[in-house]
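Undergrad: Sequence:
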Amino acid sequence: MDLVSMENVASLRHFLPELVLAGGSLLIFLLDLIWDRRHRALHPWIGVLFLLVAGMLALPGTGPVHPEGMNLFENMLVLDGFTRLFRIFFALVGVLTLLMASRSRELRGQGGEFTALLLIVVMGMMLMAGAANLLMAYLAMETVSLLSYTLVGSLKGSRRSHEAGLKYVIFGGVASGAMLYGFSWLYGLTGTLDLAAMAEAFRGGAGQPLTLFLALVLILVGLGFKMATVPFHMWCPDVYEGAPVTVTAFLSVGPKAAGFALTLRILYGAFAERTGAGWLPLEDLPWPTLVAIMAVATMFVGNLSALWQNNLKRLMAYSSIAHAGYLLAGLVLLSRDGVTAIVFYLFAYLIMNFGAFTVISAVVDESGTEEIDGIRGLWRRRPFMAVMMMIFLVSLTGLPPAFGFIGKFYLFAALIEGHWLWLALLGLLNSVISLGYYMRIAKVMLIDGTDVASEDGGEELALEPAVAPARASRLTAATVGVLGVATLLLGIYWEPLRLFAERGLGLL
Numbered sequence: 001m002d003l004v005s006m007e008n009v010a011s012l013r014h015f016l017p018e019l020v021l022a023g024g025s026l027l028i029f030l031l032d033l034i035w036d037r038r039h040r041a042l043h044p045w046i047g048v049l050f051l052l053v054a055g056m057l058a059l060p061g062t063g064p065v066h067p068e069g070m071n072l073f074e075n076m077l078v079l080d081g082f083t084r085l086f087r088i089f090f091a092l093v094g095v096l097t098l099l100m101a102s103r104s105r106e107l108r109g110q111g112g113e114f115t116a117l118l119l120i121v122v123m124g125m126m127l128m129a130g131a132a133n134l135l136m137a138y139l140a141m142e143t144v145s146l147l148s149y150t151l152v153g154s155l156k157g158s159r160r161s162h163e164a165g166l167k168y169v170i171f172g173g174v175a176s177g178a179m180l181y182g183f184s185w186l187y188g189l190t191g192t193l194d195l196a197a198m199a200e201a202f203r204g205g206a207g208q209p210l211t212l213f214l215a216l217v218l219i220l221v222g223l224g225f226k227m228a229t230v231p232f233h234m235w236c237p238d239v240y241e242g243a244p245v246t247v248t249a250f251l252s253v254g255p256k257a258a259g260f261a262l263t264l265r266i267l268y269g270a271f272a273e274r275t276g277a278g279w280l281p282l283e284d285l286p287w288p289t290l291v292a293i294m295a296v297a298t299m300f301v302g303n304l305s306a307l308w309q310n311n312l313k314r315l316m317a318y319s320s321i322a323h324a325g326y327l328l329a330g331l332v333l334l335s336r337d338g339v340t341a342i343v344f345y346l347f348a349y350l351i352m353n354f355g356a357f358t359v360i361s362a363v364v365d366e367s368g369t370e371e372i373d374g375i376r377g378l379w380r381r382r383p384f385m386a387v388m389m390m391i392f393l394v395s396l397t398g399l400p401p402a403f404g405f406i407g408k409f410y411l412f413a414a415l416i417e418g419h420w421l422w423l424a425l426l427g428l429l430n431s432v433i434s435l436g437y438y439m440r441i442a443k444v445m446l447i448d449g450t451d452v453a454s455e456d457g458g459e460e461l462a463l464e465p466a467v468a469p470a471r472a473s474r475l476t477a478a479t480v481g482v483l484g485v486a487t488l489l490l491g492i493y494w495e496p497l498r499l500f501a502e503r504g505l506g507l508l
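The working numbering puts the first residue of the sequence shown at 1, with every later residue one more than the last.
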């Protein structure tokens, strides 16, 4: 066995979370062929087990972590604190998604393919966070994208789901092609696909202004699609509306966070100062200003568009776009403080957004409608769910004492410290705008009655929610309760999570 093969074999022991997910996916596919329909309900729980194992293997102390990171598979991947942190993050995303899917009426009868595909998507997102080479970055992103298209269009017998999947494929194909073309231009400028070698080439003066500008624009097209930032957000509302609620919740957090992780990996790895103090002076191009303009546009488009939505999933789609704008503002700094603020905010977004979608999923199952009227009078029908939803809405707005407030506080504080006061003020203004549609949901849920006007303008009809099984109600309530408590607890005592994030990102 030659030296290269030995190094690749040695890398496998540091690749265990991804191997566990790949093995779990294959096992679930096999069990789906062997088991009959009565055992299909076990597939999500088997997936949860594999995700928990993968997450535990990613915890600090479960393997060696070198100060400069460990290169795997001939510099295709890097194992550092950043990779470990996002491995844990994506494992949590997968667990919460499967908990929703296990009691989703939309996904009932899907068999094991949903769980198996989700495990591979989570594996792909982990690879995106650890990519140290543009080729690996592209392959990992395509793994996530192609299987996400399948999940969106997986609702059997639903024309709307199939249309959403087709739109996702078309927009995603164009974005992926643009990004790959941008990668090829960077390779032409530097002669390498390795991010570390590329950074050295740029520090040595490689690059031409126009070529470098076009290359980065093309790359941002692909990454902007994954993050759902303006002007690459057009697919988001239609796809979120047509996909199953569980898949919508997953897309709003998982692939979006993976897009930001890959963006941070590429920009911080190839275009940041060696000290992590900001952008390299790339041919005097104003990259921070361009990213700031994109962030402001994303925030305003997302928040203003959400004000007019009546469909809960479309409203949350535009909310997701707005939150992408807040996260994009952190990229302007491209410093350790900015990266820490982004990752910290992503954890807050994970908890509060999944909590809100879990409540929405329960409402859709009970009322049979995705319109905002379906949540009318929830306080009278399900007071616990209404209280939890209110906590999530307060956190999404960024009000104290919720975790979302702390996330935005660190993000805006980093911007102010980095002399981007105007960007922080515009972010604060957008938080005020978001209060309009989040509190609209709260008003319908807490104050309005349980009657909904009929479509023909006649007498009002009382909603007759379908009664979910008691077991499903207990599982949903437990999930919502844990996320609600976490939202409040981390809004009061967030220091351990902040230190955990800083300790991990100190190795970026």
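Take the hints with a grain of salt, since some may be wrong.
Think about it this way: if two alpha-carbon atoms lie no more than 20 Å apart in a straight line, the pair counts; the simulated EDC-like pairs of lysine to aspartate or glutamate are [unchecked claim]:
#1 Lys443 / Asp373
#2 Lys156 / Asp337
#3 Lys443 / Glu502
#4 Lys167 / Asp238
#5 Lys167 / Glu142
#6 Lys156 / Glu74
#7 Lys156 / Glu113
#8 Lys156 / Glu106
#9 Lys443 / Glu495
#10 Lys443 / Asp337
#11 Lys156 / Glu370
Taking CB as the label site, the calculated pair distances span [said to hold, decoys possible]:
#12 Leu214 / Ile447: 33 to 43 Å
#13 Arg38 / Leu16: 28 to 38 Å
#14 Thr211 / Arg474: 51 to 61 Å
#15 Leu304 / Glu417: 27 to 37 Å
#16 Met439 / Ser184: 46 to 56 Å
#17 Ala10 / Trp308: 32 to 42 Å
#18 Glu200 / Thr289: 18 to 28 Å
Because the hints were derived from the structure by calculation, they are not lab data. Just so you know, even glycine gets a beta-carbon here, dropped at the ideal spot from N, CA and C.
Undergrad: Against this structure, judge whether each hint is valid.
TA: Against the structure, the hints come out as follows:
1. Restraint check: the Cα-Cα separation between Lys443 and Asp373 comes to about 11 Å, which is no more than 20 Å; the hinted pair holds.
2. Taken as a hint, the Lys156 and Asp337 pair is broken in the structure, with Cα atoms around 45 Å apart against an allowance of 20 Å.
3. Of the pairs offered as hints, the one joining Lys443 and Glu502 is violated, with about 38 Å between alpha carbons and a cut-off of 20 Å exceeded.
4. For the hint pairing Lys167 with Asp238, the CA-to-CA distance comes to about 8 Å; that is within 20 Å, so the pair holds.
5. Restraint check for Lys167 and Glu142: the C-alpha separation of about 16 Å stays at or below 20 Å, so the hint holds.
6. About 42 Å separates the Cα atoms of Lys156 and Glu74, which puts this hinted pair outside 20 Å; it is violated.
7. At most 20 Å may separate the alpha-carbon atoms for a hinted pair to count; Lys156 and Glu113 meet this at roughly 13 Å.
8. Our distance criterion of 20 Å between C-alpha atoms is met by Lys156 and Glu106, whose separation comes to about 9 Å.
9. Taking the CA atoms of Lys443 and Glu495, the gap is near 33 Å; set against the 20 Å cutoff, the hint is violated.
10. Restraint check for Lys443 and Asp337: the C-alpha separation of about 37 Å exceeds 20 Å, so the hint is violated.
11. Straight-line distance between C-alpha atoms of Lys156 and Glu370 comes to about 18 Å, which keeps the hinted pair within the 20 Å bound.
12. Checked against the hint of 33 to 43 Å, the pair Leu214 and Ile447 fails, with Cβ atoms roughly 53 Å apart.
13. As the Cβ distance of Arg38 to Leu16 is approximately 33 Å, the hint placing it in 28 to 38 Å holds.
14. The hinted range of 51 to 61 Å is satisfied by Thr211 and Arg474, whose Cβ atoms lie roughly 59 Å apart.
15. Distance hint check: the CB atoms of Leu304 and Glu417 are about 28 Å apart, consistent with the given range 27 to 37 Å.
16. Checked against the hint of 46 to 56 Å, the C-beta distance between Met439 and Ser184 comes to roughly 48 Å, which is consistent with it.
17. For Ala10 paired with Trp308, a C-beta distance near 56 Å fails the hint of 32 to 42 Å.
18. Our hint of 18 to 28 Å for Glu200 and Thr289 holds, since their Cβ atoms are close to 26 Å apart.
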